[in-house]
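Chemist: For reference, the chains in residue letters:
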Amino acid sequence: MHGLINRSVQCFIRDTYGPRMWQQVALDARIGIDDFEAMLNYDDDLTFKVLTAARAALDKPIETILEDMGTYLVSHPTTEALRRLLRFGGETFVDFLYSLDDLSDRARLALPGLDLPALELHEKTTTGYQVLCAPGMPGFAYVMIGILRTMADDYGALVVLEHQGQCEAGDCIDVSLLEAAFTTGRRFELAAGVAI
Amino acid sequence: MSADPICLAGEAFDVLMPMHLVVNGRGLIERAGPTLAKLLPDIPLKDQIFLDVFELRRPRRVEGVTALAARKCARVQLALRGRGGPVLKGFVTALGDSDRVFLNLSFGISVIDAVRDFRLTAGDFSPTDLTIEMLYLFEAKTAVLEESHKLNQRLQAARIAAEEQAFTDTLTGLKNRRAMDHVLERLIAAQTGFGLMHLDLDFFKDVNDTFGHAAGDHVLQAVAQVLVSETRGEDMIARIGGDEFVLIINRMTDPAQLLRLAARIIARLRAPIPYQGRMCHISGSIGIVSTDFYDTPGAGRMLADADAALYVSKHRGRGRATVFDRADGSHRQLKESHKEHD
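First to last, the protein sequences are chains A and B.
Read left to right, the first sequence gives residues 0 to 195 (numbering that gives the first Met the number 0).
Read left to right, the second sequence gives residues 0 to 341 (numbering that gives the first Met the number 0).
Keep in mind the hints are simulated off the structure, nothing from the lab.
Treat the numbers as computed from the prediction; the structure is a model and nothing was measured.
Honestly, I wouldn't trust all of these hints.
Said to hold, decoys possible - Keeping only pairs whose Cα atoms sit at most 20 Å apart, straight-line, the calculated EDC-like set for lysine to aspartate or glutamate is: (1) B:LYS140 / A:ASP104; (2) A:LYS48 / A:GLU62; (3) B:LYS149 / A:GLU36.
Said to hold, decoys possible - To list a few chain B residues with every Cβ distance to chain A over 10 Å, as calculated: (4) ASP3; (5) SER97; (6) ASP98; (7) GLY122; (8) THR141; (9) ALA142; (10) ARG153; (11) GLU162; (12) GLY192; (13) GLY211; (14) GLY240; (15) ALA255; (16) ALA298.
Stated by the list, open to error - For each label pair, taking beta carbons as the anchor points, the in silico distance ranges come out as: (17) B:ASN151 / A:ARG29: 25 to 31 Å; (18) B:GLU10 / A:THR91: 18 to 24 Å; (19) B:GLY84 / A:LEU108: 25 to 31 Å; (20) A:LEU108 / B:LEU79: 32 to 38 Å; (21) A:ARG185 / B:LEU170: 57 to 63 Å; (22) A:THR124 / B:ARG56: 51 to 57 Å; (23) B:GLY95 / A:MET136: 53 to 59 Å; (24) B:ASN151 / A:ARG19: 24 to 30 Å.
The C-beta atom is built at its ideal place from N, Cα and C for all residues, glycine as well.
Take the sequences, apply the hints, and build the full model.
Modeler: So this is what it looks like as structure tokens:
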């Protein structure tokens, strides 16, 4: 697993539940690592062990933890870079939804070696969409739900999201767009570091 | 190929080429794309004199806009007159049969600054323009590079820490100063008796100066081999400086015994060391102390006394060993020790 993903799990637990909780999870996971490097690669097994330890330590379903992590990734100040990169996907939430098709390619362009599952957007109705999450990274769909929900807020759109379970092609997420411009959302300047 | 003109409404140009300009035969701006208008928010571009607003950078010499029109399709570079800011790149072409010219411009490499300075958004670029993708990549790569930079700094810090914690002299494989300090401390705390020799090579600088540092390194490695072969496994040999060594001889506190050992070492060191067909000649001077000399031995004191004895060896002509004698300040000396074993 790319270190960036393990590092994300670490930062999420640390920033949300405190450094002590992270120390506890790292210890319980018995992996001999308590500080992941974003720019190194690790065995996939380590990520699984950390998440298993987190589920026990936080006493929450793994789906909830992953969804919270998705929210964290695009809303916490330490991960502002990721939110900005996702906002390059489009000017509206619908544009952003369409940009999901390119997400794994965009990730690879940014960081060769970062292989995210492919996403596919399907239009069901004029306001109903389905995001298909290819297999390869179990639980990724739940992280995506957290990301989609928070990005909708970011764009000021009102959406309802639902995990529809797995099919052969992967995990299905239903996205119902109730109102595209429910609030003004957060501003996005193309240029980084511009005071808003 | 058909030369039929394609008619597009001005609004279509605004979307397809949001940085276009139409300049008429009198040199007045007739139309300007919306993104270009953002560069000069205080001036409505329409009806301005083109050359009042823009300064031609390339071609620099041109006889008005009509001359530009004479060019079929040419590259131009423009700057905003008297404002600094980005250099705009683009092309100019005559517009049909009229005396008007059409320019389409872009920011070129200064796009990143332009986006910041003029607060441009995705809507300011044509959908086919890859500027947004470029900004995305620029930002992604900057973030990745920063993360890599941090990793490098952490690795560097870890390397320095590891080096500080290391106990081995990488050139000779002997222990280093740090290791010696630890061993000394441990032996003293355990109240184990030992002899300590401070060895400084003689004429080592000459070897370095004459044959170069590679020869010097080779000599140090040869010396290390001599020291290892003349001592026992329980003894500790450390290189504590360029050509300085400390030997801790475990449970050997008798000065006479220590002197004999020192004599053997010096005799071995006097043997020429071959290096790339040449012979390097060195020798060694030694100062000796023993825990027996002290009521309560201390590492710092023992090292200082051994150093003092070494100084005497050097002073009296090198190639010899001297035992420090604390009681009367005189020194038992072993002269011409090499002869014993020749």
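Chemist: Run every hint past the structure and note whether it holds.
Modeler: We went through each hint and held it up to the structure:
1. Between LYS140 (chain B) and ASP104 (chain A), the direct Cα distance comes to roughly 14 Å. Compliance with the 20 Å bound is thereby established for this hinted pair.
2. Taken as a hint, the LYS48 (chain A) and GLU62 (chain A) pair is honoured in the structure, with Cα atoms around 15 Å apart against an allowance of 20 Å.
3. With a C-alpha separation of about 10 Å, the suggested pairing of LYS149 (chain B) with GLU36 (chain A) holds against the 20 Å cut-off.
4. Interface exclusion of ASP3 (chain B) from chain A stands, the closest Cβ pair being 35 Å apart, more than 10 Å.
5. Here SER97 (chain B) stays apart from chain A, with its beta-carbon at least about 36 Å from theirs, past the 10 Å limit.
6. The non-interface label for ASP98 (chain B) is consistent with chain A: the shortest C-beta to C-beta separation is roughly 38 Å, beyond 10 Å.
7. Annotated as non-interface, GLY122 (chain B) brings its C-beta within 10 Å of a C-beta of chain A; the closest such distance is 6 Å.
8. A cut-off of 10 Å between C-beta atoms contradicts the statement that THR141 (chain B) is not in contact with chain A; the least separation is 8 Å.
9. At roughly 4 Å from the closest C-beta of chain A, the C-beta of ALA142 (chain B) falls inside 10 Å, breaking its exclusion from the interface.
10. With a least beta-carbon separation of about 8 Å from chain A, ARG153 (chain B) fails to lie farther than 10 Å from that chain, contradicting its non-interface assignment.
11. Its beta-carbon lying about 20 Å from the closest one in chain A, GLU162 (chain B) satisfies the requirement of being farther than 10 Å from that chain.
12. Here GLY192 (chain B) stays apart from chain A, with its beta-carbon at least about 43 Å from theirs, past the 10 Å limit.
13. Residue-level check passed: GLY211 (chain B) sits 41 Å from the nearest beta carbon of chain A, beyond 10 Å.
14. The claim that GLY240 (chain B) lies off the interface holds: its Cβ sits roughly 37 Å from the closest Cβ of chain A, which is beyond the 10 Å cut-off.
15. The claim that ALA255 (chain B) lies off the interface holds: its Cβ sits roughly 54 Å from the closest Cβ of chain A, which is beyond the 10 Å cut-off.
16. Chain A leaves ALA298 (chain B) outside its interface by the beta-carbon criterion, the shortest separation being 36 Å against a cut-off of 10 Å.
17. A C-beta distance of roughly 29 Å is found between ASN151 (chain B) and ARG29 (chain A), which places it inside the suggested range of 25 to 31 Å.
18. Between GLU10 (chain B) and THR91 (chain A) the beta carbon distance is about 21 Å. The supplied range of 18 to 24 Å therefore holds.
19. Checked against the hint of 25 to 31 Å, the C-beta distance between GLY84 (chain B) and LEU108 (chain A) comes to roughly 30 Å, which is consistent with it.
20. For LEU108 (chain A) paired with LEU79 (chain B), a C-beta distance near 33 Å keeps the hint of 32 to 38 Å intact.
21. With their beta carbons about 59 Å apart, ARG185 (chain A) and LEU170 (chain B) fall inside the hinted range of 57 to 63 Å.
22. Look at THR124 (chain A) against ARG56 (chain B): about 53 Å separates their beta carbons, and that is inside 51 to 57 Å.
23. Distance hint check: the CB atoms of GLY95 (chain B) and MET136 (chain A) are about 57 Å apart, consistent with the given range 53 to 59 Å.
24. Checking the proposed 24 to 30 Å range against ASN151 (chain B) and ARG19 (chain A) shows it holds: the Cβ atoms sit about 29 Å from each other.
Taken one by one, the earlier hints fail for this structure at numbers 7, 8, 9, 10, listed in ascending order.
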